[in-house]
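Asker: Please put together the full structure from these sequences, using the hints given.
Here is how the chains run, residue by residue.
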Amino acid sequence: MKKYIVETSLSYPKKGAMGKTGSWRVFKPVLDTKKCVKCLRCWISCPEASIHREKDNSVSIDYDFCKGCGICANECNVKAIVMEREKTKGK
Amino acid sequence: MTIMIDTGNRIAAKAAVMAKPEVVAAYPITPQTTLVEAIAEYVARGEYKGEYICVESEHSAMSACIGASAAGSRTFTATSSQGLLLMHEMLHWAALARLPVVMCNVNRVVGPGWNIWVDENDSISQRDTGWIQFYCSSNQEIFDTVIHAFKLAEHEKVVLPVMVNLNAFILSHTSMPAEIPDQNVVDNYLEKYIPKWKLDIDNPTTFGNIIGPAHYYRVRRAMQDAQLNAKKLIPQIAKEWMKLSGYFHGDLLEYYKCDGAEYILLSMGAIGAESKIAIDELQKAGQKIGLARVRVIRPFPVEDIIKLGKQADLVVIDRNISVGLEGALFTEVKAALYGQSDAKATGFIAGLGGKDVTYKDIETMCMKSMKGKVKEQELYGMEE
Chain A
1 MKKYIVETSL SYPKKGAMGK TGSWRVFKPV LDTKKCVKCL RCWISCPEAS IHREKDNSVS
61 IDYDFCKGCG ICANECNVKA IVMEREKTKG K
Chain B
1 MTIMIDTGNR IAAKAAVMAK PEVVAAYPIT PQTTLVEAIA EYVARGEYKG EYICVESEHS
61 AMSACIGASA AGSRTFTATS SQGLLLMHEM LHWAALARLP VVMCNVNRVV GPGWNIWVDE
121 NDSISQRDTG WIQFYCSSNQ EIFDTVIHAF KLAEHEKVVL PVMVNLNAFI LSHTSMPAEI
181 PDQNVVDNYL EKYIPKWKLD IDNPTTFGNI IGPAHYYRVR RAMQDAQLNA KKLIPQIAKE
241 WMKLSGYFHG DLLEYYKCDG AEYILLSMGA IGAESKIAID ELQKAGQKIG LARVRVIRPF
301 PVEDIIKLGK QADLVVIDRN ISVGLEGALF TEVKAALYGQ SDAKATGFIA GLGGKDVTYK
361 DIETMCMKSM KGKVKEQELY GMEE
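Protein chains in written order, with my numbering: chain A, 1 to 91; chain B, 1 to 384.
FYI, nobody ran anything at the bench for these hints, they're computed from the structure.
Yeah, the Cβ is synthetic: ideal placement off N, Cα and C, and Gly gets one too.
Errors might be hidden in some of the hints.
Not everything, but these chain B residues come out facing chain A in the computed CB check (under 8 Å) [claimed, not checked]: (1) L96; (2) A97; (3) R98; (4) E156; (5) K196; (6) W197; (7) N203; (8) P204; (9) T205; (10) T206; (11) N209; (12) I210; (13) I211; (14) R218; (15) V219; (16) A222.
Computed cross-link-like contacts, SDA-like style, restricted to lysine to any residue with a CA-CA straight-line distance of at most 20 Å [as the list claims (entries may be wrong)]: (17) B:K257 <-> B:K288; (18) A:K3 <-> B:Y216; (19) B:K198 <-> A:I5; (20) B:K232 <-> A:V6.
Answerer: So, in structure tokens, the structure goes:
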């Protein structure tokens, strides 16, 4: 990766360039894998790419970076994702 | 080398085209119109081979320049007055993004009332944006300064946008001869532009992302360092150009007959040129007064002003007013002197709204100051 010499607001692509933004979360999406039908609506909709997709289209949530916006829970047609209030702030 | 007898605007256009910017994005506004029209003529004749983008507003003109510069292109635009003010947000953006856009601004009154004559309030009000600002006093200086502007803006120790100011009509629409060097002289002086950062699909970066206070501080400090570097580089760049072209218009200031002077007149732009005649006349009459014409207001030539303050008392003429205080040059000159010199500084605000300022007027102002009849700064030439 070529680095530039001038100091301005440039950032280079890197996982978590802004730190672990999961600490911003107030509500946490909780996935019930038994209800999940692997439709991938949550995976497509997540604005933070915090839904991980496996080879068999099963999904999991990356709590290090999920900010708890709730879009995945709203989009889920089978209510396999519900939002729960975080118990301790920052966890 | 050829001699071109033409208006300030058309000579600025000639310089811009000879610097070979890859992109020009512009929107016409009186009194800048003939400048961008002249560039359009170079496009029509096939003499300018870059991309000429006619945009729908000045905000778009500066935005297009920012986009082009961020993609790694040498970029030029020109505007005036209300157009410059419409760009205001994007002026900050270009400077904070460290994009070496070069722009000519034709100093014109800000409305209302509608008035197209010269006044420097337009560019003076933009001096906190991070742009380097030159003020020219002849068509030759306009040509040379536009070339300098690219060299300075793109210098790796600077990487900031540069504004070249020329006064409406007195320079923009007045024909004067200017020596135009051969293209290869300009090509040798301005090396190929190598961007210090750019948007590049082969080397992806995010630009303009969120940054916290600690990083923002560093961005601002880097800009300040770059402006201070420019202060050292401007004299060097001007001297390099003198070796190639034979023309020199001064460093940050142009000194005129300052030896042994007990008073120094500070003025800018077209008044700066007129001041030379006033100084000639005053010296003929035995007055010990010289001229320091301020060519660059950002970076501000603090050290040079202090040096003048050790030699003489200062008389400052502003063609702008920071309403609620005084003329901007007057304020900044006094700030530079503070604690460094006990020189007395007095001044005038003159030529607002395009009111003519003749050498006779300048003599009158200088005499009034030298006789101790001016307390701080006065408005000169008001008609009741």
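Asker: So, for every hint listed, does it hold in this structure?
Answerer: Hints and how they fare:
no. : hint              : in the structure
1   : L96               : holds, 7 Å
2   : A97               : holds, 6 Å
3   : R98               : holds, 5 Å
4   : E156              : holds, 7 Å
5   : K196              : holds, 4 Å
6   : W197              : holds, 4 Å
7   : N203              : holds, 5 Å
8   : P204              : holds, 6 Å
9   : T205              : holds, 5 Å
10  : T206              : holds, 5 Å
11  : N209              : holds, 5 Å
12  : I210              : holds, 7 Å
13  : I211              : holds, 5 Å
14  : R218              : holds, 6 Å
15  : V219              : holds, 6 Å
16  : A222              : holds, 4 Å
17  : B:K257 <-> B:K288 : holds, 9 Å
18  : A:K3 <-> B:Y216   : holds, 19 Å
19  : B:K198 <-> A:I5   : holds, 11 Å
20  : B:K232 <-> A:V6   : holds, 18 Å
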